[in-house]
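K.L.:
If you're matching them up, the sequences are chains A and B in order.
Residues 174 to 793, numbered by this note's numbering, are exactly what the first sequence covers, in order.
Residues 1200 to 1544, numbered by this note's numbering, are exactly what the second sequence covers, in order.
Treat the hints as calculated values from the structure; they're not laboratory data.
Nothing false has been slipped in among the hints.
Below are the SDA-like pairs computed for lysine to any residue, each with C-alpha atoms no more than 20 Å apart in a straight line:
id : chain 1 : residue 1 : chain 2 : residue 2
1  : A       : K449      : B       : S1532
2  : B       : K1538     : A       : L352
3  : B       : K1338     : B       : G1416
4  : B       : K1219     : B       : A1237
5  : B       : K1219     : A       : I654
6  : B       : K1422     : B       : D1492
7  : A       : K362      : A       : D201
8  : B       : K1538     : A       : D201
9  : A       : K397      : B       : W1541
10 : A       : K397      : A       : L587
11 : B       : K1538     : A       : D442
12 : A       : K449      : B       : M1516
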Amino acid sequence: MPKKTVQLDRVIIRFAGDSGDGMQLTGDQFTSSTASFGNDLSTLPDFPAEIRAPAGTLPGVSAFQLHFADHDILTPGDAPNVLVAMNPAALKANLKDVPRGADLIINTDEFTSRNLTKVGYEQSPLDDNSLESYNVHPIGLTSLTIGALKEFDISKKEAERAKNMFALGLLSWLYDRQLEGTERFLNEKFGKKPEILAANLKALHAGWNYGETTEDFSVRYEVKPAKLNSGTYRNISGNLALSYGLIAASRQSGLPMFLGSYPITPASDILHELSKHKDFGIRTYQAEDEIAGIGAAIGASYGGAIGLTTTSGPGVALKSEAIGLAVALELPLVVIDVQRGGPSTGLPTKTEQADLLQAMFGRNGEAPVPIIAPRSPSDCFDAALEAVRIATKYRTPVFLLSDGYLANGQEPWLLPNVEDLPDLHVEFASEHNYTNEDGTTEFRPFIRDPETLARPWAIPGTPGLEHRIGGLEKADGTGHISYDPDNHDRMVRLRQAKIDGIANSIPNLEVDDPTGDADVLVIGWGSTYGPIGAASRLVRKNGGKVAQAHLRHLNPFPHNTGDVLHHYKRVIVPEMNLGQLALLLRGRFLVDAIGYNQVRGMPFKAEELKDVIEDVIASA
Amino acid sequence: MPDTSATVGTDLKLTAKDFKSDQEVRWCPGCGDYAILAAMQAFLPELNIPREDMVFVSGIGCSSRFPYYLTTYGMHSIHGRAPTIATGLAVSRPDLSVWVVTGDGDALSIGGNHLIHTLRRNVNLKILLFNNRIYGLTKGQYSPTSELGKITKSTPMGSLDYPFNPLSLALGAEATFVARTIDSDRKHLLDVMRAAATHEGTALVEIYQNCNIFNDGAFDIVKNPATKENALIPLVHGEPIIFGTDGSHCVIRDKQGGVEIVETALVDHDDILIHNAHAEDPATAFALSRLSDPQTLNNSPIGVFRSVERPSYDHLMSDQMAKANAKGPGDLSELIRGKDTWTVE
Ligand SMILES: Cc1ncc(C[n+]2csc(CCOP(=O)(O)OP(=O)(O)O)c2C)c(N)n1
Ligand code: SF4
Ligand SMILES: [Mg+2]
Chain A
174 MPKKTVQLDR VIIRFAGDSG DGMQLTGDQF TSSTASFGND LSTLPDFPAE
224 IRAPAGTLPG VSAFQLHFAD HDILTPGDAP NVLVAMNPAA LKANLKDVPR
274 GADLIINTDE FTSRNLTKVG YEQSPLDDNS LESYNVHPIG LTSLTIGALK
324 EFDISKKEAE RAKNMFALGL LSWLYDRQLE GTERFLNEKF GKKPEILAAN
374 LKALHAGWNY GETTEDFSVR YEVKPAKLNS GTYRNISGNL ALSYGLIAAS
424 RQSGLPMFLG SYPITPASDI LHELSKHKDF GIRTYQAEDE IAGIGAAIGA
474 SYGGAIGLTT TSGPGVALKS EAIGLAVALE LPLVVIDVQR GGPSTGLPTK
524 TEQADLLQAM FGRNGEAPVP IIAPRSPSDC FDAALEAVRI ATKYRTPVFL
574 LSDGYLANGQ EPWLLPNVED LPDLHVEFAS EHNYTNEDGT TEFRPFIRDP
624 ETLARPWAIP GTPGLEHRIG GLEKADGTGH ISYDPDNHDR MVRLRQAKID
674 GIANSIPNLE VDDPTGDADV LVIGWGSTYG PIGAASRLVR KNGGKVAQAH
724 LRHLNPFPHN TGDVLHHYKR VIVPEMNLGQ LALLLRGRFL VDAIGYNQVR
774 GMPFKAEELK DVIEDVIASA
Chain B
1200 MPDTSATVGT DLKLTAKDFK SDQEVRWCPG CGDYAILAAM QAFLPELNIP
1250 REDMVFVSGI GCSSRFPYYL TTYGMHSIHG RAPTIATGLA VSRPDLSVWV
1300 VTGDGDALSI GGNHLIHTLR RNVNLKILLF NNRIYGLTKG QYSPTSELGK
1350 ITKSTPMGSL DYPFNPLSLA LGAEATFVAR TIDSDRKHLL DVMRAAATHE
1400 GTALVEIYQN CNIFNDGAFD IVKNPATKEN ALIPLVHGEP IIFGTDGSHC
1450 VIRDKQGGVE IVETALVDHD DILIHNAHAE DPATAFALSR LSDPQTLNNS
1500 PIGVFRSVER PSYDHLMSDQ MAKANAKGPG DLSELIRGKD TWTVE
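Just chain B, with the same shape it has in the complex (with noise of 0.2 Å):
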């Protein structure tokens, strides 16, 4: 295995343009996912991770064509498929920086089963579920993201299925991170991306992003700046949440141990949720994730629901080998031989 123990601790200067290769991008002009792309290769550096220590994993989609684009090892795998293989990638060189980039069909339709499953083993790996509820590749379907009555092509009356809140179903999978952002605010974006990447095991992070050609608008609520003020709920550890415009309302317990938007102005300021990712039961990252409209996105949390401490499969399975090792390697001859032979002169 190679050793990367030389550049721990000093500065790589590595710059955005370091990370970016050499093929056109074939995006469709005023897709989100430019601008997903553009915060990480600006981000990327941060990490002061050598770009040959770096791996990202896409299933397909639109969205999974990222890691062409991108000058650290990749893999452009298959349908739903990506967090398996970067599972077997992460567990077995627990050395690298693994990265998945789904979409909303990916992760959640054809590789739902990967998904919450990869979480709730904690492998370490972050994953980029880059949600535009729909099919973008194959031309404009709904995906389990999409609304309930949403007419797409396969869906000429409207769409019978009731969709996924990804996160509240990240948090029932037993996630260890989950947060929501968004492509075209760059800032918070960024302020995810890292605490994603410092996570010890999977850290999943929605982003709302755009498809201008076959779902135009769908965040429209939560970017407009007309309406975004009251329609998005920042989370920021620590801080009481608010929002609105002026901090018009807040969140609140409710009586059946939820959570309910009201009017600041009608509560004792003590009585406002102070948004706690740390907390160790889910319950209340659970109830926050509930406020989103399934409809419309409007309350909309964005931010770090949930990191909590748990460790990595990798990191565990690194643990078994070394104790399974404790004792010097195994000896092949003895193993073959067994506890029963014997010898013909």
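Isolated chain A, as found in the complex (with noise of 0.2 Å):
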């Protein structure tokens, strides 16, 4: 009997398992066929830190949410319409996301009493009709795909490992999903060990077919593709997105990048892409701890190339008297900071806002640095080109602020159209810039360019330039060593108004107020602005008005920020740490901003956040 298929608008799906279970990659793979099929999509990867935790343990527990819908999405999503979970520790770890009357498909094969005594079940959940206001499938995981892979030549303990293919296939059943992507994947990664490609294809075609035949799955869902922009997309997660995007501004600046890093979760995966792009003309180097990775990138920048460095908050810690060091010798230099859960090791893998001020104030002196988010993974791409345009034309430190959220999560990407990209070529100096009173000429490196402030960019190998930079204060124009008092003044003044200068050359902030008459202003920077947005569509479909702005520049802020800010009678502002931002917008224009913080690891929920500015604007 043919099964009855239902229209839904969007779905949220959760894999949850232990660590070994393979639920990422069973999530990438869901994600990819969503994604060719057209579906708009957030991802919300979320794994442990450990590499191996101890089997069936709550820390151990590593999940992948998918969000997709047939319209335009902005976050991974709330709760999910259906979890899978692969073990008793998966079910305890995520059942309070989920809410009643949801799908549960429950390995019930890992449902042992040693299992459910490591998370603290006493009984079985599945017995004692604790799940009684769930939709519960459960269902023999392991134990079905062992039958299925019976006539196959492997162990048994490489049979169990493909269960996850057997629930892809009951997943990809169940919401209409293609399974070519799957079979490619498989193909590619196992075209070397012929029975476990075919063991791996056959579970995923026995899940699929058990979807199919058993009386537990009454209903198939389908899920319409989106009606996005026109135009060819690809899915990408933010790492991925930032490491084009920063090869991308090799190429349109006709430099040659260098990156010196040191591996950190969650920034290695930058450092593992760009090593393989040598045929862009991009040098990698991972260095023997963060301090050389970043003294390797100003070395670079010296002679000419792009110096780049890519961290998380532990690493920029170190780095800091570096970055001092580039402020003073004012040369380019991107930093990237995919932030993570602190204060020191803090959670590696999972998601935070809270290096803002680190990045903002966390040098000796007066020492300004440019500071750009991106907002969402594709936007990595755009803001990585960003900051290498700064970088270059003001010759100073730029810190690119990305989070663990935006590192790996993933949505569809709109692919630009590579002639369109910025131009972001610079002049080297190549002849003297100063006539003295005899009419001989000399180089002074510390001679600024009018408009930008910016010195010029003498590289080694130019005759005739010959010059020394150091970190000790130089006087104006010569660059000579000075201990000058005034010239110290006019120095620390110069090099901050050569930052805020960069604002003549920024967009003005854009402020998204349907009604014009929005009395709150909710305002974010960063991985923040899918939740945020999320929250502003649910506010104003109840009929509630508020407006929405978002930073991508940080430091300096756009011109018209103030103007922003004052013209609202309330100013939300939601991060994920204790109020940075919050502290930067009262700071530097006495604003009352209203804090909304959580520091839970995880993006913020639009709902969650729907709640806090309806209730502001009742307040208003």
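Need the complex rebuilt from these two chains, each delivered in its own frame; the hints are there to steer you.
P.N.:
Written out as structure tokens, the structure reads:
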């Protein structure tokens, strides 16, 4: 009997299992086929910092959430409609997020008394009616997989390992996703192990067929493709988009790129990715520590490359002195901080936005550094180009603040036309820039461009421009060591004025205020764009009025920032920290910004933010 | 990148004067750094490299002021980190001649980690380590090369930590070129610089340098005409290691596989160790580095301990770059598309 198909406008699925169960891979594959199908989507991988926490325990649970829809969406979603729980730990760790009435697909084979005890279940939740308000599908995923793979010449363990493919097949059937992409992926992955390949393909199809035949699932769901802007799309994570943006920036500037880096979660993938692209003139260097990484990047910049260093908060702490040096040397440098939970080692695999003030002020002396932040995974591409533009044009270190959620989250990306990317060419100095009274000429490394206040980028190898620079205070113009009080005062102000002047080259802050008469503005930065946007939509759907603005440039702020803030009766600043942007806005603009703050290692939920905004509207 | 091919092979006719900058030299009168600077300025013309293709990178310390006094490109960076900056420069600009100037505190305390990793990588850098066995710039605290029990402002009852022997450290860190010389022996200094400059990879040159303000006389035993002949062991590749007044002493292999100093008259001439700087195995070079007394520096070998061939890091990276580019430069459009795209009409 053909099964009924129900139309949905959006679905949130969460795959959860043990770290060893391959949940990230399963989620990635489901995401790929969802992207090819044409839905808009957003993902949230959530995995433990331990490579292999003890099997079956709560700390070992790894999850992947995917939100897909027939319209454009902004977040990976708040509450899953379907939870796939591969073991008791996965159920226990995730159930609190699942609303009543949702589907629970549970691998009953793992609900042994031993596994239940491990996570503190006295009785199996499958037997005690505690799940009665959910739509539970108890399935022996492990035994069904092993059964399906009997004919193969592989060990029981290897057969068991394919249970994630069984689950993926089942979910693919349930939501009518194609299997071709996953088949292609498996072919590439196991091409050299034909038996394992065949087993995985079999498990995938067995899962699909199980859905088709079992009585347990009476309906299938369909989410139509989204009406996105026309063009060619691909799916992309923030770290990958950032890497591509950097490669594009190197090409658009005509300058070689040099990355000096030391591995750290969640930034390492940028190092891995860039190291694959030497054919774009990208040199990557894994240094002995983060200080050496940035030091090498500064050396490369001095030599005429785009010096780049990638890290996370603890690494930024180590790089601080060198960033100060780059401020003093006035050389281009891009510092990418993929933020994670802190302080100290903190929560390596969880997201947070608590490095803003570190980037802003975390150096000795007056050492201003421009800061920019991407708002979504695909926006990392444009943010990378912008960081390189500012660094090279203004001869300054630039902070790019991404975070763990942007780094690993994925969304569809409308591919840019490479021919339309911005031109980032800058000129190296090639001749003397100062004429003495006697008519002789010389090169003075600290004579500034009157418009940008940038000093000349005079690279070694250029005859006649030999000069010495360093971290000691320099005399304005000549760059000679100077301890003169007035000169120091002037140089401190000049360096600040140069950074402030970057505001002349950036667009005004845009406000989304559909009715034009909202009293409340909600303003954020970085990865909170999605949840804030989704929350604003929910508020408006309920008839409320709210204006939304999102800052890409955090230092300097766009020229109109103060005007925007003062235009509204109330200003809410949601942040995944204890109020760092709010502090800057209050300090700069004397505005009574209301913080809404969470540091739970997870993105905001749109529903929660909606309530916050509505409360403030009610009181405005 | 600048084209230097026009100058290759032609005599640039540079002189020491061409390398003297207009900056007033600010070291204390009598400081050993002056002699090293003068020797360097005299030596650089020999390399016949245009000034614009040379870069001196230093850390922080008295010695690290060095780049200001030369007319090449230069960077006075931050404490201990000069090797990192020089590495990034040398790796991305293999056309340049990159030198590092550092002190015993700069290179071995705060920058110790960078030094050992730079040596093992064999980046094309020449590192001049000015060892005055003291922190000069911060006014006289003991350093990682100070003798045990050193009384300084920060150690009024004597220092408690055992010193590094910089050359033993370098040899342990897989260095391909290791040498020692002395600020006051200009001829020897020039010979060592010459050998270092032509080495492919990282060359570490330790220079005994007198700080006449905070550690005066630290090297008297190897400088004083009355004692130096017996205290110094000159190493010359291919020559038997003999030293002391009228060749009174020599170095032979001992029974444990190391080396020992004996009276020349008491051994067969054929048993005297012939110095081989090119030996692949650094064991003998290491044994020689251990001869100097960590307290007094008596029996300090000087000269090139080790000079072996190993491809430099920058060379290897350039090879990888060339290999990756063999099929032409990457196509950005193709890269960002990836394998899995879909089109919305
Ligand atoms: C981060 C940092 N810590 C400490 C200092 C202070 N400091 C400057 S030079 C120096 C020691 C220098 O000793 P050495 O490297 O032996 O150089 P010398 O002055 O003896 O030539 C110290 C501790 C500094 N400049 N930076
Ligand atoms: S303090 Fe010592 S090392 Fe420094 S300049 Fe004076 S004499 Fe030279
Ligand atoms: Mg010293």
